[in-house]
Every structure is written in structure tokens, then in C-alpha cells.
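Undergrad: These are the residues of each chain, in order.
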Amino acid sequence: EDKVVQSPLSLVVHEGDTVTLNCSYEVTNFRSLLWYKQEKKAPTFLFMLTSSGIEKKSGRLSSILDKKELSSILNITATQTGDSAIYLCAVSNDYKLSFGAGTTVTVRA
Amino acid sequence: NAGVTQTPKFQVLKTGQSMTLQCAQDMNHNSMYWYRQDPGMGLRLIYYSASEGTTDKGEVPNGYNVSRLNKREFSLRLESAAPSQTSVYFCASSAQGLNQPQHFGDGTRLSIL
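These protein sequence lines map, in sequence, to chains A and B.
Per this note's numbering, residue 1 is the first one in the first sequence, and the count goes up by one each step.
Per this note's numbering, residue 1001 is the first one in the second sequence, and the count goes up by one each step.
The shape of chain A in the complex, shown without the other chains (with noise of 0.2 Å):
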């Protein structure tokens, strides 16, 4: 059965600290890695890793994925209420994503 585990299952900062979210997986036949953020919402894509892309950056977000330890982390740099959401990891084995349970990003001004 594929897992995928998020950490911390939420955490509170203020306004400018960096927030580190951590996502292990066991999947069979892995092609790639995605995180998104969830809103009120739709979850919104954000980055996805594959063996050819284990790194991308977007601002102030970054994410690395480590196919040897089968994780990855999502990094938010100076922190903004508007980062505050639930951001979610998902893993594709062919056509089909298995998500974490998300971690909640709470940014208080």
C-alpha cells in the first residue's frame, strides 16, 4: 500500500521566520513528487520533483526532494499571512497521486 506522511501536522510562526514542512514516502513505481497549497479551496500546484528536477524554487518557496532518504521539504522563507494554508505532498506512481494529510501553516502578523 503507497504512504505518504507529512510533518509537522501543523505549526504557528510569526510573520518573517522560515518554516521548514517535511514529506516521506513508500510508493511502488515512483515517477514524481508535488506539493500544493490549500486555501479555502482548490488545492493549487505549486513544484513538482522527478529524478530529472530534485530542486525548484518560486520566490520565497523551495523544495528539494531526496530520492535516496524517499522524502522531501518544502521551505517558506520570510513568512507572510498569505502563506498561511494547509500545504499538501502527493507522490504519482502512473497516473494516480496518493497525498499526505497535509501540514497547516498558521502565520501570525
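You may find that some hints are simply not true.
[Stated by the list, open to error] Calculated cross-link-like contacts (lysine to any residue; reagent style SDA-like; alpha-carbon spacing at most 20 Å):
| # | chain 1 | residue 1 | chain 2 | residue 2 |
| --- | --- | --- | --- | --- |
| 1 | B | Lys-1057 | B | Thr-1020 |
| 2 | A | Lys-3 | B | Glu-1059 |
| 3 | A | Lys-41 | B | Asp-1026 |
In short, the hints are calculated from the structure, not lab data.
With chain A held as given, fit chain B onto it using these hints.
TA: The following block gives chain B in isolation, referenced to the frame of chain A:
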């Protein structure tokens, strides 16, 4: 620029009633998916359609049926709703091929009394 559109946004049903959730995408994507999201459990795949004309079971298919009506539309049907099916349902779509990100609709919040 609609993306993935789900209807309805909210629905309350009584146990035993039937209901169809609608999903349409305008991105010319081949693959479509239905998930449910419950507190503390992330998103779980109910059914998916890798391409028009095909459907396959996901992780939690019991109590649900799907129809891929055409390339744009993928519906989810609850034949006899149960309280355990109270959840938020998300539809998603992706381009054909491996390593294509899925794009989600805004969800349907379904309560079954």
C-alpha cells in the same frame, strides 16, 4: 479562464437519497479524477479516467459510480447516500502522459443526514 468547474458547491442529502456531482474542464485535458477530502486524512482517490472512454477504481470506490460523458465532463454518482459519505469532493484534471500536474476544482461540500 474557468479551469475545472464543479457543481453544486454545497448539498445536503438524506440517507438513502441519490445524487450526481458534476465536473467539467476546459483545458483539453485527457485525464480526470474524483477525490474526497476528510479531516486529518488528506485527499483520497475515488475513481479516475485516464482518457475518454476509460474509468478505473481508486483507493475508496465503494458506494460511488462515475461516468466519463465526453472529454470535458466526468460525473460522480452516489446511488444511496450514507452519512459516511459526508465529505468535501474534489474533481481534478491533467494532461495526458506521466508527470503532469493535476489541477483541481473548488470542491463540493456534501452533508448526508
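Undergrad: Quickly compare the C-alpha distance for Lys-3(A) and Glu-1059(B) to 20 Å and report which way the hint goes.
TA: With a Cα-Cα distance of about 12 Å, the restraint between Lys-3(A) and Glu-1059(B) holds, given a limit of 20 Å.
Undergrad: Lys-41(A) and Asp-1026(B) were given as a pair; does the straight-line alpha-carbon distance stay at or below 20 Å?
TA: holds, 19 Å
Undergrad: Are Lys-1057(B) and Thr-1020(B) close enough, with their CA atoms no more than 20 Å apart?
TA: Cα-Cα ~17 Å, so holds.
Checked against the numbered hints above, the structure breaks none of them.
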